[in-house]
Structures are given as C-alpha cells and as structure tokens.
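Engineer: Note that the protein sequences, when read in sequence, are chains S and P.
Residues in the first sequence are numbered consecutively from 3, following the working numbering.
Residues in the second sequence are numbered consecutively from 13, following the working numbering.
Worth flagging that the hints you see were computed from the coordinates, not collected in a lab.
Keep in mind that a hint or two might mislead.
SDA-like cross-link-like pairs, simulated, lysine to any residue; straight-line CA separation at most 20 Å [to be verified]:
{"#": "1", "chain 1": "S", "residue 1": "K99", "chain 2": "P", "residue 2": "V132"}
{"#": "2", "chain 1": "S", "residue 1": "K96", "chain 2": "P", "residue 2": "E96"}
{"#": "3", "chain 1": "S", "residue 1": "K125", "chain 2": "P", "residue 2": "V122"}
{"#": "4", "chain 1": "P", "residue 1": "K240", "chain 2": "P", "residue 2": "E221"}
To give an idea of the chain P side of the interface with chain S (calculated C-beta under 7 Å), a few residues [stated by the list, open to error]:
{"#": "5", "residue": "M123"}
{"#": "6", "residue": "E130"}
{"#": "7", "residue": "V132"}
Below, a sample of chain P positions facing chain S; criterion: calculated Cβ distance under 8 Å [as the list claims (entries may be wrong)]:
{"#": "8", "residue": "S94"}
{"#": "9", "residue": "A95"}
{"#": "10", "residue": "G120"}
{"#": "11", "residue": "M127"}
In this text, a Cβ means the ideal position worked out from N, Cα and C, and glycines have one as well.
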Amino acid sequence: MSNMTVDRLRAAIGKIAVQMAISADELNTADGKLGDGDIGITMNTGMKGLAGIADDLPDDDLGMAFLACAKEFTRVSGSSYGTLLATGLMSAAKALKGKRKAEWSEVSSLIGGAIEAMMKRGKGALGDKTVLDMLEAMRIATEGLDDSAEILKACDKAASETMENFRAKPSKLGRARMYGDKSIGLDDPGMLALRRVIDGLV
Amino acid sequence: MKKILNSPAKFVDEMLDGLCAAHPEYYDQPEPRVIARPGGAVKGKVGIVTGGGSGHLPVFTGYVGKGLLDACAIGGVFASPSAEQMAGAMRAANGGAGVLRLYGNYGGDVMNFDMAGEMVEMEDDIESTTVLLSDDVASAGPEEAEKRRGVAGMVYAFKIAGAKADQMADLAEVTRVAQKAADACRSIGMALSPCTVPEAGKPTFEIGEDEMEMGMGIHGEPGIWRDKLKPADEITGEMVERLLADMPLGKGDRISLMVNSLGATPPEELYIMYGKAKQLIEATGAEIIMPLIGRYATSMEMAGATMTMCKLDDELEALLKAPAECAFWQV
Numbered sequence: 003m004s005n006m007t008v009d010r011l012r013a014a015i016g017k018i019a020v021q022m023a024i025s026a027d028e029l030n031t032a033d034g035k036l037g038d039g040d041i042g043i044t045m046n047t048g049m050k051g052l053a054g055i056a057d058d059l060p061d062d063d064l065g066m067a068f069l070a071c072a073k074e075f076t077r078v079s080g081s082s083y084g085t086l087l088a089t090g091l092m093s094a095a096k097a098l099k100g101k102r103k104a105e106w107s108e109v110s111s112l113i114g115g116a117i118e119a120m121m122k123r124g125k126g127a128l129g130d131k132t133v134l135d136m137l138e139a140m141r142i143a144t145e146g147l148d149d150s151a152e153i154l155k156a157c158d159k160a161a162s163e164t165m166e167n168f169r170a171k172p173s174k175l176g177r178a179r180m181y182g183d184k185s186i187g188l189d190d191p192g193m194l195a196l197r198r199v200i201d202g203l204v
Numbered sequence: 013m014k015k016i017l018n019s020p021a022k023f024v025d026e027m028l029d030g031l032c033a034a035h036p037e038y039y040d041q042p043e044p045r046v047i048a049r050p051g052g053a054v055k056g057k058v059g060i061v062t063g064g065g066s067g068h069l070p071v072f073t074g075y076v077g078k079g080l081l082d083a084c085a086i087g088g089v090f091a092s093p094s095a096e097q098m099a100g101a102m103r104a105a106n107g108g109a110g111v112l113r114l115y116g117n118y119g120g121d122v123m124n125f126d127m128a129g130e131m132v133e134m135e136d137d138i139e140s141t142t143v144l145l146s147d148d149v150a151s152a153g154p155e156e157a158e159k160r161r162g163v164a165g166m167v168y169a170f171k172i173a174g175a176k177a178d179q180m181a182d183l184a185e186v187t188r189v190a191q192k193a194a195d196a197c198r199s200i201g202m203a204l205s206p207c208t209v210p211e212a213g214k215p216t217f218e219i220g221e222d223e224m225e226m227g228m229g230i231h232g233e234p235g236i237w238r239d240k241l242k243p244a245d246e247i248t249g250e251m252v253e254r255l256l257a258d259m260p261l262g263k264g265d266r267i268s269l270m271v272n273s274l275g276a277t278p279p280e281e282l283y284i285m286y287g288k289a290k291q292l293i294e295a296t297g298a299e300i301i302m303p304l305i306g307r308y309a310t311s312m313e314m315a316g317a318t319m320t321m322c323k324l325d326d327e328l329e330a331l332l333k334a335p336a337e338c339a340f341w342q343v
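In isolation and in its complexed conformation, chain P is listed as follows (with noise of 0.2 Å):
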C-alpha cells in the first residue's frame, strides 16, 4: 500500500479535521463523523442529511453547503456510520420543519437510517422521510431496480432535494422532488484499476494491466464483463447503449450527462469520453444541458469512470439550476 497517512485507524478522522480546517465556512463537526453547516440547521427549512462510508469525496460529505445538504454522517472507508451517528446529522440538520434522509442504496446504510430515524423520532420528535438513490444500471436489471446501488446519481438528487429546501418548501415537497430526481437518474461504471481501502492494505479486487470492467460497483463490486481494454469511444458507447436502453431518449428530451472520474482517472480522458457521448445522445434527439464533468463521486485512488444522465423537465431544470456552493462544486 503506497499511500499518504499517518495510520489506517486515523485516517477518516484526520481527513475529515482536514477538511473542516480548510474549509470552516462550509463544514462544522459538530460531534465525531458528523459533517454539517456551521451556524448550525436553518430554521423553518427542511433539513436533509445524508451518510455513507468515506472514501468517495466529494460525496458524501463534501456536498454539505448552502443550497445542498444540510448535514452527513461519515463512516470509516467504505463502511456504514452508525445509528448513532445519522441521528447526530438528523438532530444536526433540524431547523423544526423535517428532515429528509437521502442516500444510495446499500444495505447497511439503509438498516441504520431506518434505526436513526426512529431514535430521533422518540427522543427528538423529529419527522423525517426517506429518499434512496438506485441510480446503477449495472447492478440490478429494470425488473429489480429497486435493489439497484445508488452510485453518482446521487450528487444530482442533492443539488435538486437542496434547491427544493432552500425555497422553504415543506418536508412533503422536498422528498417529492428528491424522489422525482432519483427516479430520473441512470449510471453506469466502468473500472481500470482498484482501489486499496486502508485498513486492509490490498486492493478490493485485482484486474490485468490491459484490462476493463464494465458496469463496475464504486466499491469493485462486480460488473457485467471484463476483457482487454478498449478505445474510449467504444467504451462510451457501450456506456450510453445501456443508459439508453434503461432510460431511452427521444426529441424534445433535455438531460444532464456527468462523466465523473473515479479518482485516478484525469479530466483529459473524461473530455474525450464526453465528446462522444454527446454526438451518441444528440443523435437520439435529445439535448444536453449543464453537463457535469470531473470528480463528482469517487472511489479513493480507482481507475475508472462513470456516465450519469439526469432526465429534466422544466422543475428539476430551474432546481438544478439554481445557485449551491460547497467547497467542491459551484453554481
């Protein structure tokens, strides 16, 4: 493992004392692995928290800002925080008018924010609502999309959930429009190179020097082939094929596309894959507004790159639209 820390035990604690020293105006730690907004929760606005494991910045925590999140609950690398430790976001992120909880669907995660809302439920008499993103086309086929991972399409279903609230909508409408936004993203990822989760000090899983994988989790759950490398336009193709086939395109449809680097991969290859990208999907009809591209969700030092496309109508447009800021996004 060739990395830069001090110890594995120390390394999301210090990341995250790192981050808050940075960026004090965007994020506050209230109390350990939790991330929120200084000042603390806006009252009368809708909270939304969010939580997963570390390893994947920007998200989750670094969406926590003015016109996104309001509060997140981190775990160690890849790990779920705790009960304990969403209902710190939720009571962190409560301004009096609700909470909703969004984030990707992963097992752990969603067994704990189900506890944490409860607890904050009993103790706090917070009301809170669930959105999950399933967002990974990969993962699960359209007759099971419901056990399909949340990957990317997540930091869309931030920006849009937190324009909502922003608004001073109630909790109602903000987990409408967070749910109408999970509901028009699709994802697909494809991986070059592992990742090592420090605590384990090897790679989560070992792939040829000239090899790809498609469809490939942001954890390196197994995708849907793996075979010798291919040219980037083929490899967008595919990519866009199967978004197509899940959400397909026609004229008069508006989307935003990210092409998000898993963390290694530069910006350089992400423009090559966007360029044919948008030939393939301007080619349906469709249009492409406000594209996304850089590192958006990330899987620590992975190879690898995943294509979102965020179907939009005039609301979700304007929500997206509107102006958020946190340390790794503006708009």
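Bound-form chain S, shown alone (with noise of 0.2 Å):
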C-alpha cells in the first residue's frame, strides 16, 4: 500500500494549482457578495507560491516540507483566510516532524488537529457556516480510511454534502456574520475554495 510522502504531497500541489488558477474568479466572486472579493486571489497566489517550492522541499521531513508550504503560503497571500489555511498546514507540519512518510489512516487526525488550529486562531466554532465545518464532515468521512483513493472519494462527498445542508444557513463569522440573512442561500466562500481544492485533486 502506498504512503504519505514529500512525492506525494508534490503532485498535489500541482494538481491544487492548476484548479485554483481556473477557479480564481468564480472565488472572487463568490466571496465579493460577503467579503472582500479576494479570496480567489489569496487561494491563486497562495498556490501558485507552493507550485514554485514544490521541487525544494525536504524529501526526507513531511513536517518540513508542510512547515515550507505554510510559510509560503503566508508569504504570498496576506488575507485573514491564507493564514487560517496555513494554520492548518502548520499543525499538520507539527504532527509529521521528522517522518519521511506517514500512513493515509493518518489523514482523518491530522484534519482534526487543524480544525482545532484553526478554530483557536480565527476564534471560529463548528456550526458558523465556515470552511471548518467542511473540514470536519472531512474529518469524520476519513475516519478509519487507510487507501488514499477512498479518503479523497470520501473528502469529495463530504464537501457537497456540507456545501448543501449550510446554504440555507445564515454565516455567523467574519465578515460575512455582518450581512446577516442576507448570506442564506449563498454558499461560503472559504467552503467553495477548499470544494474546488478537491476538484483539483479528484
């Protein structure tokens, strides 16, 4: 059975990249209507940023080269949701210090400990209508999934069902809390970006 490498991780990268620059403007305009209309930039940048990296990171440290992605990541993109993605990367750059490879069963935890990164970082809970909410239906949807094929058909899942039973529900975070009612019925921008992340990768 296959592992988590730096290889891996590469040709994922790549894969992200390509969709977020096909993506970039269907984000910007997903997020105008409850933010500030960037998040297809910050999501572009932040991607293409980890395209120019890929070749560099340490083969031999998952946690490095996940610690290389969230730096870069910040480098390049600026806005409140790149640091909140970095976050994530970062605490999955904690959990993989010093290991060449990890097993895909991992997966499932690692998303866990970046829902509780970033939930500390952006003071964001489950239920605000929020990317977190996607990563956790991700979460319990890779539970117990060892094979890498599985974990992503089951990410794939996760993420239209969360897209689906939030749209009717108003957003309580962020900017986007501010407009109230008003954001019934449109979908949230940073839960569209991580959606098309996984387009990328399926």
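Since each chain comes alone in its own frame, lean on the hints to assemble the complex.
Structural biologist: Shown next, in the form of structure tokens:
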C-alpha cells in the first residue's frame, strides 16, 4: 500500500494550483457577495507560491515540507483566510515533523488537528458556516480509511454535502456575519475554496 | 491627498530607509520591514519584539533601542506585517534566552504573530511568550476588556519590559512584568480631523469642521460620541473621568500620565490638557510622576490627543525610570 510522502504532496500541489488558476474568478465573485472579494486571489497566489517551491521541499521530512508550505502560503497571500489555511498546514507540520512518510490512516486525525488549531486562531466554532464545518465533515468521513483514493472520494462527498447542508443557513463569523440573513442561500466562500481544492485533486 | 512622498507604494520602505540612514546608532534593517538594533541580539538577554502597521511613529519601530525593544516587524500603513516578517523580527531579537512578543490587540497582528511564534519554535527552537496591550477603554466595556484595542499604553509596556530584560531577567520574569505594565495602563483618545493612508488616497473618515469625536481609535475606528468641539477643560475632564471610571485612583496612588498627540495636534494644546488633567487627578489624592507629553503614538497627520494613565508600584516605577534610549525618547 502507498504512503503519504513529500512526492505525493508535490503532486497534489501541482493539481490544486492548476485548479485554483481556473477557479480564481469564481471564488472572487462568491467572496465579493459576502466579503472583500479576494479569496480567489488568495488561493491562486498561494498555490502558485507553493508550486514554485514544490521542487525544493525536503524529501526526508514531511513535517518540514508542510512547514515550508505554510510559510510560503502566508508569505504570498496576506489575507486572514490564507493565514488560517497556513495554520492548518502548520498543525500538520508539527504532527509530521521528522517523518519521511505517514500512513493514509492518519489523514483524519491530521484534519482534526488542523481544525483545532484553526478554531483557536480564527476564534471560529463549528456551525458558523465556515471552512471549519467542511473540514469537520471530512474528518468524520475519513475516519478509519487507509486508502488514498477512498479518502479523496470521502472528502469529495463530504464537501458536497456540507455545501448543501449550510447553503440555507446564515453566516456567523467574520465579515460574512455582518450580512446576517442576506448570507442565507449563498455558499460560504471559504467552503467553496476548499470544495475547489478537492475538485483539483479528484 | 497632500503629502510629501514619491509614490504611495514606496511610502513605508522609503520611510524606513530614511529612519535607518538618520539614526544608524539605533536602527538597522537586516531584512525588508524588519528593524533591529545594530550589532544584533544581545547574547543571553530576553529579546523583546513588537510589530504592527506603519503610520504611528514613534510606535512601533521607533522604540527599538537600548532598554526598550530589540526588533520590530512593520507592515504597510495601518496594515499588519506578515507572519514571515514577524518571524524575522523574532530571529533578529533572539539572544538565546527567549523572545517576548509585546504588541497591540488587533486581530490580524495576533493571528500573524502567533503563526510567527510557531514558525520560529519549529525551525529555530526559539521559546517565546505573548503579552497583548488592550488599554483603550473606549473600544469595549470593562466586562469585555480582553477585546480592547492597544494604543499608547504600549509605550509604557515597551519601556518597563525593556528595562527588565536589560537586567538580564529570564523570559518568565520579563513576561510577568510586561503583563503587569499592560494591566496597569488605561487610555482614551479623541480626534478632531482624520488622516489619509497614502495607498487609499482619501481620509479614513469624515468629520465636520466644527466637530470632535470622543473615544475614536487610532485608525479612525468609531468612538463613543461625536458633537460640536468643546473647550479643552471639558474634553480633558471627560477623558480623565472615563479613565478613572475604569481604574479608580485614591490617596497614595502613583501614576505616570501621558498626553499624546495623534500627529497634527501641537504640544501647546497638549500642555493645556495636561494642566487640567493634573488638577483632576491630584484631586483624587493620587500623585503624578514622570508625565509624558508629546508625540509618542500617532496616527499620521490626525489631529487629536490620547491620554494614558499607567498606575505604578515600586517595581514598575523603578523600571520606568531606568535609563533607555531610542531616537524618539530618552530616559
């Protein structure tokens, strides 16, 4: 069975970067309805940055590779969403420090660790209609899975379901919260961004 | 916009270049947007770093100096520095005894500085702590004091923590004293006119020619009320009253009082305010030592003033009076 390695991380970065270039305008438009309209720029410049350093990631340490990704993402994309995603990457970096490879069965707990760190940093809670809700659905869906294809399938399904479940709810965090009931019926831009990340991997 | 600049995009970097060119004995720029003391970190001394947006000189950068800060990460005008720049400042300040992050309570700064702390812990094995300034009583009520913004009170915290670090105290001690200083400060501001962020090109808010706003934040955050401009004694009286409501003073108490210009307000007006404030504070039985009157924390060319009380005990007073120097302040 395959493992999670820096090479697999490189391949994922390449795919996500391609998808973000395609989805940037769509994400900016979605964000413009509830925020400052730059989440597409954040994701696109962030992933371009990661693609730029992918070749230089250290093969012998997944943790340091994730750390390099977190740093690059914050460096090139100054927004709070960028910092939050980088926080999630940093949490994975700490968990994987010193490891050349990891089991796919660790994905669920890595997502769990990322959620915890992101909640602490962004002061968000589950149910606020943010990317955290989607990550939580993915954490649950990937529990006990140890095959990368199955994990991806589970994340894809969890992403779709979360979008559906939350569309009719109001946003409770960040700038979107100010829109109150006007956010009902709209997709959360942060969730949509993660949805497109998964699209890039599928 | 009427400003002396070459281009809004170069405003901050040209300002920093000029600052370092003018005062090479105090400031060095080891990497873009990181200001540190020349000669590098002092070995074995706890490093103190701060960070925040440009546009507040002498805050934040100006207080890098002996007996004060070791390094500072500086962002665009009123914008947070990046986590990477903050990590750079922490590395520059690291003398092997740990680093204290001492800065104002603003969401973006907190996220980035926490991130920076994790980066240097993982990569460079630097131990660090955080103390946040949240001294602006107008920004949230006492029941939500942890949501308050940090304003001019941070100057006291820089000074006091800096003096403690200079005594070669360990990280826990420097952090304790910094927190004690932060807890001892209360501030309030009032504004007469706005300022213009170069890259925005227009004023941060609009206010009538004959109006003032009580409680306004240093980036133009809304205050408590806006009305016709009142006489200096009335303005001062309300500011002192609001500070005392939050931190009552009585016989035997000692404070330092800062009357600070937000940029455009001249010292003449500050001294008019100070005279009245001293009367009112002494009426409580408290004593003022080491008054600070001038430009300590500004908001570009905003007209207005802030008033900060820092309540002192023997420990804080001795640290406040310890020698320190930077280009903007000498004790």
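Engineer: Going through the earlier hints one by one, which of them does the structure break, listed in rising order?
Structural biologist: Violated hint: only 7; rest satisfied.
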